[in-house]
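Note that the protein sequences, when read in sequence, are chains A and B.
Following the numbering used here, the numbering of the first sequence begins with 394 at its first residue and continues without gaps.
Following the numbering used here, the numbering of the second sequence begins with 40 at its first residue and continues without gaps.
Keep in mind that the hints are not guaranteed to be accurate.
In silico DSS-like cross-links for lysine-lysine, where the CA-CA straight-line distance does not exceed 30 Å [said to hold, decoys possible]:
#1 A:Lys442 <-> A:Lys541
#2 A:Lys442 <-> A:Lys623
#3 B:Lys218 <-> B:Lys106
#4 B:Lys56 <-> A:Lys541
#5 A:Lys538 <-> A:Lys442
#6 B:Lys135 <-> B:Lys56
#7 A:Lys442 <-> B:Lys135
#8 B:Lys317 <-> B:Lys273
#9 B:Lys252 <-> B:Lys280
#10 B:Lys135 <-> A:Lys623
#11 B:Lys252 <-> A:Lys541
#12 B:Lys317 <-> A:Lys541
#13 A:Lys623 <-> A:Lys538
#14 B:Lys56 <-> A:Lys538
#15 B:Lys106 <-> A:Lys541
#16 B:Lys56 <-> A:Lys623
#17 B:Lys252 <-> B:Lys56
#18 B:Lys218 <-> B:Lys135
#19 B:Lys218 <-> B:Lys252
#20 B:Lys252 <-> B:Lys106
#21 B:Lys218 <-> A:Lys541
#22 B:Lys135 <-> A:Lys538
#23 A:Lys623 <-> A:Lys541
In case anyone wonders, no lab produced these hints; they're calculated from the structure.
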Amino acid sequence: MSDQSEHETYVRKFSFRPFSGSRRGRLYRVFTIGWFNLVESVRRSGFTKFLLFMMVISLIIQDVLPIVLVRFLPLGYLESLGITANDIFRGAFTESVLGMVSLTNRIGVNYMPGFSVFSFTSVGTSLMWLLLLSIIGGGLVADDKLFKTTEAYYSRVSHFEYLTGKLLSLVIFSTFVITAPAALQYLLLTMGLNTSFAANADLLFWALGFTTMAAVAVSLLMLSISSLTKRRGIATLVFFIFAIIMSSLPSAFVSFATSDSPLLLVDFMGSIAMLGTMMLGRSNITVNGAVVDFYNGTGLEGYMVVAVVGAVFLIGILILFVNLLRRDT
Amino acid sequence: MSSDAFSTNALSKLYGKTLALDGVTVGAPKRAVGLLGPNGAGKTTLIRILMGIIRYSSGSATVLGRKMPESIREIRDHIGYSPEFSPTMPDVSAQKYVTFMGRLSGLDPVEAAQRAHDTLHYVGLAEERYRRLREFSTGMMQKCKLAAALIHDPELVILDEPTDGLDPNGRHQMLELIKRLYQEEGKSILLSSHLLFDVERVCDWVVVLGQGKVIANGEVSQMLTDTSGMVRVKVSGDPQKLLDRLRSRGLEGQLDGSNLDVQRTDDVEMIILEEINKEPSLILRYLGRRTRSLEDAFMALVEGRSDME
Numbered sequence: 394m395s396d397q398s399e400h401e402t403y404v405r406k407f408s409f410r411p412f413s414g415s416r417r418g419r420l421y422r423v424f425t426i427g428w429f430n431l432v433e434s435v436r437r438s439g440f441t442k443f444l445l446f447m448m449v450i451s452l453i454i455q456d457v458l459p460i461v462l463v464r465f466l467p468l469g470y471l472e473s474l475g476i477t478a479n480d481i482f483r484g485a486f487t488e489s490v491l492g493m494v495s496l497t498n499r500i501g502v503n504y505m506p507g508f509s510v511f512s513f514t515s516v517g518t519s520l521m522w523l524l525l526l527s528i529i530g531g532g533l534v535a536d537d538k539l540f541k542t543t544e545a546y547y548s549r550v551s552h553f554e555y556l557t558g559k560l561l562s563l564v565i566f567s568t569f570v571i572t573a574p575a576a577l578q579y580l581l582l583t584m585g586l587n588t589s590f591a592a593n594a595d596l597l598f599w600a601l602g603f604t605t606m607a608a609v610a611v612s613l614l615m616l617s618i619s620s621l622t623k624r625r626g627i628a629t630l631v632f633f634i635f636a637i638i639m640s641s642l643p644s645a646f647v648s649f650a651t652s653d654s655p656l657l658l659v660d661f662m663g664s665i666a667m668l669g670t671m672m673l674g675r676s677n678i679t680v681n682g683a684v685v686d687f688y689n690g691t692g693l694e695g696y697m698v699v700a701v702v703g704a705v706f707l708i709g710i711l712i713l714f715v716n717l718l719r720r721d722t
Numbered sequence: 040m041s042s043d044a045f046s047t048n049a050l051s052k053l054y055g056k057t058l059a060l061d062g063v064t065v066g067a068p069k070r071a072v073g074l075l076g077p078n079g080a081g082k083t084t085l086i087r088i089l090m091g092i093i094r095y096s097s098g099s100a101t102v103l104g105r106k107m108p109e110s111i112r113e114i115r116d117h118i119g120y121s122p123e124f125s126p127t128m129p130d131v132s133a134q135k136y137v138t139f140m141g142r143l144s145g146l147d148p149v150e151a152a153q154r155a156h157d158t159l160h161y162v163g164l165a166e167e168r169y170r171r172l173r174e175f176s177t178g179m180m181q182k183c184k185l186a187a188a189l190i191h192d193p194e195l196v197i198l199d200e201p202t203d204g205l206d207p208n209g210r211h212q213m214l215e216l217i218k219r220l221y222q223e224e225g226k227s228i229l230l231s232s233h234l235l236f237d238v239e240r241v242c243d244w245v246v247v248l249g250q251g252k253v254i255a256n257g258e259v260s261q262m263l264t265d266t267s268g269m270v271r272v273k274v275s276g277d278p279q280k281l282l283d284r285l286r287s288r289g290l291e292g293q294l295d296g297s298n299l300d301v302q303r304t305d306d307v308e309m310i311i312l313e314e315i316n317k318e319p320s321l322i323l324r325y326l327g328r329r330t331r332s333l334e335d336a337f338m339a340l341v342e343g344r345s346d347m348e
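Only chain B is shown next, with the shape it has when bound in the complex:
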């Protein structure tokens, strides 16, 4: 069994004359994978291709170790998909909708109904499961879509903008649910979003797309590793005083808000500690590697790139 959630080789997709995917060669492991990129980057196109909803123009792709397009039926049975738009059957209850989706994935009627109850409980729609979908709020609909994606116990769950339109509380709940699916239930996740925070919070692998091309692909922790060669210092007191002292010792540094970033040298930590000890108004709070957020990493990746505008 393949360890990859999906992999593509020179995958291209043309909509008429518009190139949506331009020779994408990318692979992602069976982990929580974030698919990042601005609007129009090709995220949804890539997902739709992986689900067999649209055909690709050239190249090849495998999903969960199964080749496309010949194994697409089997692939669909092992993937749960929550689309970007909310597909609704307004006059149908959530219970009926999720059961129907389960039956479409090949579950027998009784099993589908039982699993619909369970998954709706799991996503937090236990009390609302007999309400018609037309009465659902955006947050409830997002959860209902997630329940529909989970009903047939898929190996890989593809979520296209799952926090779209949610308030902060709803977003928190949704991200916790997704995290739990990955960490406790062992599901592989492919989370497409343009919200860096969502991806950073849930995913440990990220694929960045820009204008149909792969900009970056790798572990989130690696992307967050700082490569600037700076040491971060956080003190209570005035960091400017410390910066002045360090400059007098021949070190280069700069203030970043209340933080102080100092150019790394062989004995930089010792010099910093000495200078803090000499100045009674300063107390050391943090001394270590400068970390960056996914947003910093993303900005560094896209800086000056016309394909990420």
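Bound conformation, chain A alone:
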């Protein structure tokens, strides 16, 4: 403990300083919760820092690989087939962004039939994103419940602000991991393929919107699982294993994986990616190379994809509400 006489001197010198300044607004406090929790979650574990380093490597590969690949493409031959550099840009960028969200099932937009080489460039990103999200998000609410920190929060901010702040920390993280790299990749591909920046601006806005939507949906689910337990390890493992199993399940049944079976919907990450293609206005896509038509009345349909993503949001919100917004027990 501090030396009492030294302490007394300090207190006599400075006394208790009244606060006469103005207080910041509510958004500032929500952002404070988000940023503080994100920084502390990353700072506390060496493993997380290592994974983040690997993540950066993965992002560099993801962003550089398409540029390198287009160098080796027989552009002259492709142009003779009527495929322009802009077509390649749209195909490469879309598939790379979709690949950042889908896990084991590769979702493609089928821009150029038989020409889909870019989605694999972001395989590492999607896996690392999910793993880091699980590690960082697992303890966000679970640790507060374990260490009884929730009451300290609730004496200063509302339950809603607390939850929004916690969600924000995962969304900020996801923004660094998938949204920002998507924007960077847009820039790099534009320079690499010598295409006009404005010509594909619709894709940039789509990428920003889609990755943010994916980040919020997955973060919401992660946070809700974290609110179910007091053990961060359990929340982390349950979410990560659940996502991997759900994503691998359709591939486990090979005949389904190469068809347009509704079984593909159990891969909720893949469903989010499929919704992304719908946001682009695509009516048919490729899943693991097989063509899926959203509006042909058979097998996997567009409304089913919307329903699954809606259910992910709903389940996340519902669990959070039940566990944290009920405050009378």
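For this one, chain A is given, so just place chain B on it according to the hints.
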């Protein structure tokens, strides 16, 4: 601006079918207020309601003159709260924790960091402020909680069992700190405790709860005023001798340890002085009103009450 720290009107709180607060109507001034009662009396429930952490089932409440629940954000900004349990972020330093709490109360980052330094100094954790909370002892954690409660310079400081788990020295330090906050810094205090000594030492107003009801509410000095109509005499020598003498003069009395309590009559003081003068082995040490401790007052209040068991 209201002179009340808080007031409630027919405030009730149900946890499922369990009635935790039963139509509590109580008001306490902006002073050092003790919230007393046995475990399960509803102290923490009342505090949590006043902080807006839980909702009440019926009734109404105001804190620092602001109505609940519509002004709850403003109320939270003007209250500092040290909860009963120690909320910890084990891997975070005390400085970081208190700064974070300040920022949650709306202080900008620089102001919060500066005030965290000051408040940690103030509570006596100057040297320990960069240590991680997992390394803190119970006493240090109690002080850290107090620093977090003070960082945003609140009008009212609510302390739920602030001496819980402290050794006598730590308890003394904590009570002195709280006293100083009230007397020198002008903070209103709401001190919840089941330790009568703590409340008696720091508070000048007390609210007693029992099974969700208000048992008593008023100034400590009034509660300590003896209503038994006895005069207390303290002598060096054998008090039994004096008692015998007084009985022979027709006075009623009884021994209370080394003290002698004598039934008050018009000329009781004169008779006592005469009898002491007559007996050379007795020297008068004290003659006056019988005072009682808060514990005596509390025991008198709860005697025979099933809701205080």
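We went through each hint and held it up to the structure:
no.	hint	result
1	A:Lys442 <-> A:Lys541	holds (26 Å)
2	A:Lys442 <-> A:Lys623	holds (23 Å)
3	B:Lys218 <-> B:Lys106	holds (28 Å)
4	B:Lys56 <-> A:Lys541	holds (25 Å)
5	A:Lys538 <-> A:Lys442	holds (24 Å)
6	B:Lys135 <-> B:Lys56	violated (41 Å)
7	A:Lys442 <-> B:Lys135	holds (20 Å)
8	B:Lys317 <-> B:Lys273	holds (16 Å)
9	B:Lys252 <-> B:Lys280	violated (46 Å)
10	B:Lys135 <-> A:Lys623	holds (23 Å)
11	B:Lys252 <-> A:Lys541	holds (28 Å)
12	B:Lys317 <-> A:Lys541	violated (67 Å)
13	A:Lys623 <-> A:Lys538	holds (6 Å)
14	B:Lys56 <-> A:Lys538	holds (25 Å)
15	B:Lys106 <-> A:Lys541	holds (28 Å)
16	B:Lys56 <-> A:Lys623	holds (26 Å)
17	B:Lys252 <-> B:Lys56	holds (16 Å)
18	B:Lys218 <-> B:Lys135	holds (26 Å)
19	B:Lys218 <-> B:Lys252	holds (27 Å)
20	B:Lys252 <-> B:Lys106	holds (22 Å)
21	B:Lys218 <-> A:Lys541	holds (27 Å)
22	B:Lys135 <-> A:Lys538	holds (20 Å)
23	A:Lys623 <-> A:Lys541	holds (10 Å)
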